[in-house]
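Chemist: In case you want the letters, here they are:
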Amino acid sequence: MPVLVHSHASSGRDIARADPVRAPIGLPSSNKRPEPALHRPPAPLDTIRSIGTPEGIELELRLAGPIARAFARGIDSLLQIAVFVGISVLFGSLGGFGTGVVLVMWFITLWLLPAWFEVHKNGATPGKRAIGLRVVRDDGRPVGWGPALTRNLLWVVDFLPAFFAAGLATMLLSRDFKRLGDLAAGTIVVYAESALVNRAIPEAEPQMPDRPLSLAEQRTILEFAERVRTFTQDRATELAELPTPILNGARGHFATQRLLHLANFLIGRSAGVR
Amino acid sequence: MKQALFEERFESRWLAFGKWLARHDAQLRQSIRKRSNESAGGAAAAESLHDEPESLRDALFPDAQFPERYRELCQHLALARDRQYSPELIDRLNQLALAGHHMLYGARSRFGAQIIEYIRSEFPRLVRREWRLLLFASLLLFGPLIVMSVLVPRTPQAAQFFMSPEQMAELRAMYADTAHIVHRQAESDVAAFGFYVWNNISIDFRTFASGLAFGIGTIVVLLFNGLYIGAVQGYLVSIGLGPNLWQFVAGHSALELIAAALSGVAGLRLGLAVIAPGARSRKQALVDAATRAIRILYGAAVMTLMAAFIEAFWSSHRYIPIPGKYAVGIALWIIVILYFALAGRRRSAASARKRVPRMRSAHAT
Chain A
1 MPVLVHSHAS SGRDIARADP VRAPIGLPSS NKRPEPALHR PPAPLDTIRS IGTPEGIELE
61 LRLAGPIARA FARGIDSLLQ IAVFVGISVL FGSLGGFGTG VVLVMWFITL WLLPAWFEVH
121 KNGATPGKRA IGLRVVRDDG RPVGWGPALT RNLLWVVDFL PAFFAAGLAT MLLSRDFKRL
181 GDLAAGTIVV YAESALVNRA IPEAEPQMPD RPLSLAEQRT ILEFAERVRT FTQDRATELA
241 ELPTPILNGA RGHFATQRLL HLANFLIGRS AGVR
Chain B
1001 MKQALFEERF ESRWLAFGKW LARHDAQLRQ SIRKRSNESA GGAAAAESLH DEPESLRDAL
1061 FPDAQFPERY RELCQHLALA RDRQYSPELI DRLNQLALAG HHMLYGARSR FGAQIIEYIR
1121 SEFPRLVRRE WRLLLFASLL LFGPLIVMSV LVPRTPQAAQ FFMSPEQMAE LRAMYADTAH
1181 IVHRQAESDV AAFGFYVWNN ISIDFRTFAS GLAFGIGTIV VLLFNGLYIG AVQGYLVSIG
1241 LGPNLWQFVA GHSALELIAA ALSGVAGLRL GLAVIAPGAR SRKQALVDAA TRAIRILYGA
1301 AVMTLMAAFI EAFWSSHRYI PIPGKYAVGI ALWIIVILYF ALAGRRRSAA SARKRVPRMR
1361 SAHAT
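Protein chains in written order, with this note's numbering: chain A, 1 to 274; chain B, 1001 to 1365.
Don't read these hints as lab results, they were simulated from the structure. Please note that a few of the clues may not be correct.
[To be verified] Facing chain B, a subset of chain A residues (Cβ under 8 Å, in silico):
no.: 1; residue: Val-102
no.: 2; residue: Trp-106
no.: 3; residue: Gly-186
no.: 4; residue: Met-208
no.: 5; residue: Arg-211
[Said to hold, decoys possible] Computed beta-carbon distance windows for the label pairs:
no.: 6; chain 1: B; residue 1: Arg-1128; chain 2: A; residue 2: Ala-82; range: 42 to 50 Å
no.: 7; chain 1: A; residue 1: Ala-82; chain 2: B; residue 2: Met-1163; range: 50 to 58 Å
no.: 8; chain 1: B; residue 1: Val-1150; chain 2: A; residue 2: Ala-82; range: 20 to 28 Å
no.: 9; chain 1: A; residue 1: Ser-93; chain 2: B; residue 2: Pro-1062; range: 54 to 62 Å
no.: 10; chain 1: A; residue 1: Gly-56; chain 2: B; residue 2: Ile-1216; range: 44 to 52 Å
Just so you know, these numbers come straight off a predicted model, no measurement behind them. Yeah, the Cβ is synthetic: ideal placement off N, Cα and C, and Gly gets one too.
For reference, chain A alone in the conformation it holds in the complex (with noise of 0.2 Å):
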């Protein structure tokens, strides 16, 4: 660890206990403008829910909105009409026997089939693991065949008065996306990934700042430090040239490089490691 960061010299000691380190860096009371909001982490996104567990800590779920699971349930529609078409043709031709193991697959595919795939696949029909969406209880739990056949039955009163305008009313009045069937059955629709992919920061030699940096600003290099990956190189740079007093005149490409600097020395990279 580089030198004189901090004066807690908390050597992971007492790991149970919140570690200051993230307090303003440098010298003690030097930062003037007190921040007492920013020493929480911001306020969790709408569409972000929390779930408490008896282990005391809050576990994250991202809630799917009304767009993404219509795709869901438009997949599994057209591969339930699939799988009727293609039972009917495969049995439609051995008469009355036929006819009855048709009607019965049929009966099964409609109404035990998404939920069975709901309880047994980890929360998702084909249509919501090709989005990327799972079903799961209010608390984070998986669901079981109650909560599962009560919601794959009620879409019946969703559907009302025609192609789930009911469904799509309660998602919209409710907090947490759920339609009827979802009320009923005390369930939620999350994605099953999460939404950060390859954000590891990029490695650059690990540079001090001149200054003290307050909280906010540490989180703000930090996550521009994660996501500089996904932006253009003209991007990059035009967000990184914004907070100039840190910037030692830096410009241009020398601005995005000084803020991995900065980023890496945050995350405690020390130099010539790897």
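For this one, chain A is given, so just place chain B on it according to the hints.
Modeler: Same frame as chain A, now just chain B:
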């Protein structure tokens, strides 16, 4: 502790945790592979390669250690948040903890034992507890059924409200010549079975679901079914074909009609929760009601399935003597009623503990 040191120190623990989960969850295995492929170009790859031998050594922790490892991960997540480490790290730990949470708290139930318990006591108890709603649903179904059965033979025009002349002609043809309905091939029995499953259980499900609309949907479905069945019976009686109908429906009538009333109970339960949630929030009342209602619907669906089986493979067969059909029909009525009246009354201490707390406030009578 700086983030880099934190990562360096616990990386192998997180990898081990992820690997343990992957072994237990095929889906997760896929997503982890995807993730590590995606970050292969980045710095993470160097890190994970660096830690590989250590993590392999660590990977095979025994299953009994899982809860402990999970709690450790939760602690790391809490620390990472509190110290405001980079969102990427927090997000990664959050995903791992979520998967662990799923594994730990999503325990599978013992399905077989539950089914036996359900048939032996839970189902009849659930139904008995809803006796008011059952009474109401039965009135809605059987009331119009009886009224129409009596009314139509006296005033035959009444049937025309429910059936077109073509339908009446069809009914007459169907039941006039018993040989016609009775002389089916075995394979058309299967077709009939399929149709009864598809049609009748779907009706049960719709009866239940439409209850969410303040119970109105359920009430309409029950009333209409009662009126229609009554009209058919009244019409056939008025043209002297009553016995032909009765010997056909005797066998499956008990299971099918009572199951219809029970799906009505499930639907009404939903509607009541919306109308009169009582002391809890409407949302919570609905969730509680649905949890109970769906368990009644399971039984109703299975009863309808049994009825479909009887209707397809027993009711329509000529080689069974007619008195036999009546005897079986009456016996089934008695058995079904006795089942709901008596089964599961003797409570063992174990099952008494399992009883769901009674939902007093939701009764709006």
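Chemist: Out of the numbered hints, which ones does the structure contradict?
Modeler: Hints 4, 5, 7 and 8 contradicted; others consistent.
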